[in-house]
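Enquirer: Given these sequences and hints, build the entire structure.
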Amino acid sequence: MKEKPDVLQGTLALMVLKTLDVLGSQHGWGIARRIEQISGDLLAVNQGTLYPLLLKLEHEGSIASEWGVSENNRRARFYRLTAAGRRQLQAEARDWEQTAAIIARFFNVKAEDLT
Amino acid sequence: MKFLRRFFIRLSNLSTGRSADQRLQEEIAEHLAFQTEENIRAGMSLTEARRQAALKLGAAQAIREHHHAEHSIPFIENLLFDLQYAVRMLLRSPGFSFIAIATMALGIGATTAIYSVIDATLLHPLPYPNPSELVRIEDGLPGVGAQDVGISVPEWRDLESSGIFQSVSVSGTGADVNLTGSAQPERLSYKHVTPNYFAVFRVDAQLGRTFDPHDATPGFNLEAVISDGLWKREFGANPHIIGKALRLDNDVYHVVGVMPRGFRDLGSTSEEWNTEVWLGAGMAGLPFPPPLRSSRQSSRVVARMKPGLSMAAAQERLDALVESLKKQYPAEYPAQAAWAVRLIPLSESVVGSVRRSLVLLFGAVGLVLLISCVNVANLLLARASGRGREIAVRQALGAQRTRLIRQLLTEILLLFLLGGIAGFAILFGAQHLLLRLVPESLPHLNDIGVGWGVLVFAVVVSAAAGTIFGLAPAWLMSGVDLTSTLRQKGRGSVGSQGRSRARQILVVSELALSLMLMVAAGLLLRSFWDLFKVPPGFNPDRVMAIQTWLPGPNDPSQDTYRTATQEAVLLREVLRRSRTLPGVEEAAIGDVDALPLGHSNPGTLPLMREGIETMDNQAPVIHSPIVSPEYFHLLGMPLLRGRLFSDQDLESTPQVAVINQAAARTYWPSQNPLGKRVRLHLDSRELLNSAGPVWTTIVGVIADARTESLADAATPQIYRSVYQHPAKALAIFLRGQLDPGTILGQERSQVQAIDAGLPVFHAETLEDVLSTSLSVRRFSMEIVAFFAATALLLAGLGIYGTISYLVNEQRREIAIRLALGAQRSRILKMVLRRGFGLAAAGAGLGVAGAFIVSHFMAGLLYGVSPNDLPTFAGVTLLLTMVALAASYIPALRAMRLDPITTLHSE
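Top line first, the protein sequences correspond to chains P and V.
For the first sequence, numbering that gives the first Met the number 0 assigns the number 0 to the initial residue and increments by one for each residue that follows.
For the second sequence, numbering that gives the first Met the number 0 assigns the number 0 to the initial residue and increments by one for each residue that follows.
Rather than coming from a laboratory, the hints here were simulated on the basis of the structure.
A quick note: this is a predicted structure, and the numbers were derived from the prediction, not measured.
All the pointers check out, no bait thrown in.
The calculated DSSO-like cross-link candidates involving lysine-lysine, where the alpha carbons are at most 30 Å apart (straight line), are:
{"hint": "1", "chain 1": "V", "residue 1": "K326", "chain 2": "V", "residue 2": "K305"}
{"hint": "2", "chain 1": "V", "residue 1": "K325", "chain 2": "V", "residue 2": "K305"}
{"hint": "3", "chain 1": "P", "residue 1": "K55", "chain 2": "V", "residue 2": "K55"}
{"hint": "4", "chain 1": "P", "residue 1": "K17", "chain 2": "P", "residue 2": "K55"}
{"hint": "5", "chain 1": "V", "residue 1": "K243", "chain 2": "V", "residue 2": "K231"}
{"hint": "6", "chain 1": "P", "residue 1": "K17", "chain 2": "V", "residue 2": "K55"}
Expert: Structure (structure tokens):
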């Protein structure tokens, strides 16, 4: 199995947190579908990696889970953001924006600007 | 830090790991269900919907495994896995597991049992704070062959002010006292001690207080500290005991404190360990002799050294002090007496006497443990041939050799640990039974216990033994030649050369070790037998000794039995009445020193021969029992020269004495001792009665007897008549057809009919006294003999297993030989020769080892040389016979092999 690059792993976590922030409580498949919808093909490659990530996030205390019943009457585990998760999301979002801004600036630079 | 945190998370995952994995599995299943539903809604068929859902999810199993690897500790995971596997393997061959575990249980159980004894005695001999500071001070006059002569009060004060010690205590050597006022006069062991006695040990009372260390009363301060046992037995644990009066030998003392439960006095005799009353005394006023430098008192001196002072440094400073005292008081310390003071670690003086026996036992049990380990290692190798295929398959599937070794070692360790725990459990269950086998004369008998420390020992020993003896088998087992093993479809492998050689080495060492043990046991057995058979020089047959004690109050004028004349009235009446008891043929009286082998603490007196010695300090010391005239006849000690005591030797007639041959030889070599005059000075029993010592004339010489110890030929003795010298601690000797059950009561009523205040106690037959005096020897002999028998059995099993294995390996070869016409008897001989070869190698090594071992234990032997040829030859023969017998069964099997079936089945 080919390992996914770390950057993608990091972004996946951020995507999960943001999704839960927007949608509130949601089950695993719902999160997967939401990310898929927004990111296009990105996550369609390997949805399975989502679950170890959810487990890890819960272990770290960013999210919490409990059993519930889905809209089509299926028993499922619902995840929600915890207060710590919310703080983490804000911090990481800020970091990400900074990083993205820096990267964007690098990409915008043209040869003549450096001279 | 981050690494640590991750480690702990992983550690906690070990327990939650399974549930996390399960949850992952559930979630993935759930996800697939959602996706499948979605796909069906999009118009796919059920199978296609499932397939697409699975594709979209990715490799579920890989995700789980990846997650698992990331969140766990492979080492412990593997360990758990190995353990599981090991348990399965053990259960699969229960016979093998049982034998291996039982062997280890035996080895480790026995080792642990001996360890628990050693732990209580040798390792923790002194239950006091900073025990290494405690020393015994012993002084002697080596110039005249006198040891442990006691200390005088000025000498004690010199030691106290020497700056070497924090404090120095002096105590009596333990004696008995009558406690009256209760229902039955009771005899108690007491010790008079200087008031700083408990302060030296740093032990405080559980109730009340101990003596004030600064108390300077010259004589008895009339304060008593009592033991917990006495407090509970005699006073019903009365919490208001403090201040109560205690009437001891008609003197009244006041109880000031009760010692804690575990506190036992030290000493080398059972009287001392069982001390129940401590009386404070300055040792300088009545009834003690005046505090002169020359009047030494028989005593025990225990001191606490200044902290940080080493034994050697303290001894050096003490030697300097002794030298300066000698210069200062040349008259008191004559040069030829060579007064010397020695420091002995207190622990040494407590357990010194049994150390050799215990070390011997530990050595013996160590050999048993080694043999058990070797035996199990041997069994493991035997099983390796059966498991060669399994191991080869696992190797072929890619298992690394280190991984295989780890797994095999886990299995072996599990076996050893189970054996160790089983051994401990058996020991724990049987401890009360086993403790009864331990002779009572062992110090700290009551402290022997099977507790946590012993469990830790058992586990550590099992683990260490498992690692040491498991590594080689694991290494050899894992080193399977892949191709050749797998090619021999399912037949079990032909063991590698290395493995077969290893087994033979193991068996040879097993045989050698058991031979060493058997030689040790044989030598001990012969020593014991010789001691048992040695003529003691007196006749213990049908003799009983019953003890009594006459009170000796501090004020002599209160003593109703002060003079020999006063006492003689009582004793003659006691003897007269004793002879009327049913079955009694003869009766005699002696003091406890006259009790053969029964007194562990003989009193010694300086012996001054007329015209030779003039001062106590120069005189050699001698045992001096006091007896009634009938004593020698009753004990069958024949007169060789002169005469015995008669009823006409009284206090008013000239003092006479009878000596034994040893005394005649030692003190009047090549002279006739009859008519020679001596003085026995410093006899504490006479101090208050006679103005000065008078001359005692030797009137008779009796044959030597082993009255001190069966192992020692006679020591010099000088006997005096009880009608001339009053004695307080008495033994009444009765010979005849006596009923041990009732005689004590009968004698007691006779004695108490004369004086109701006299205790009569402790009736024992001399036969019992004799056998008790051998109890520690018997104990070590029995244990070593048991170990040796065990070792022999294990060695027999070992050689049986190895020869069977060799035969099994050579099945094909033997079958071919038979098919080609070899005679069956030749096959038998061939196999037996192998057994004999192993036995010979083992015996050769063993004899060499046994020579070393037997010289180490020379001090424990009696009447038998450490190189005793019959023992060595007998034991070697026995071992060879056992080895041959054990090889005979597999040899028979080889001989009866049916070549056709064997060759077909191969």
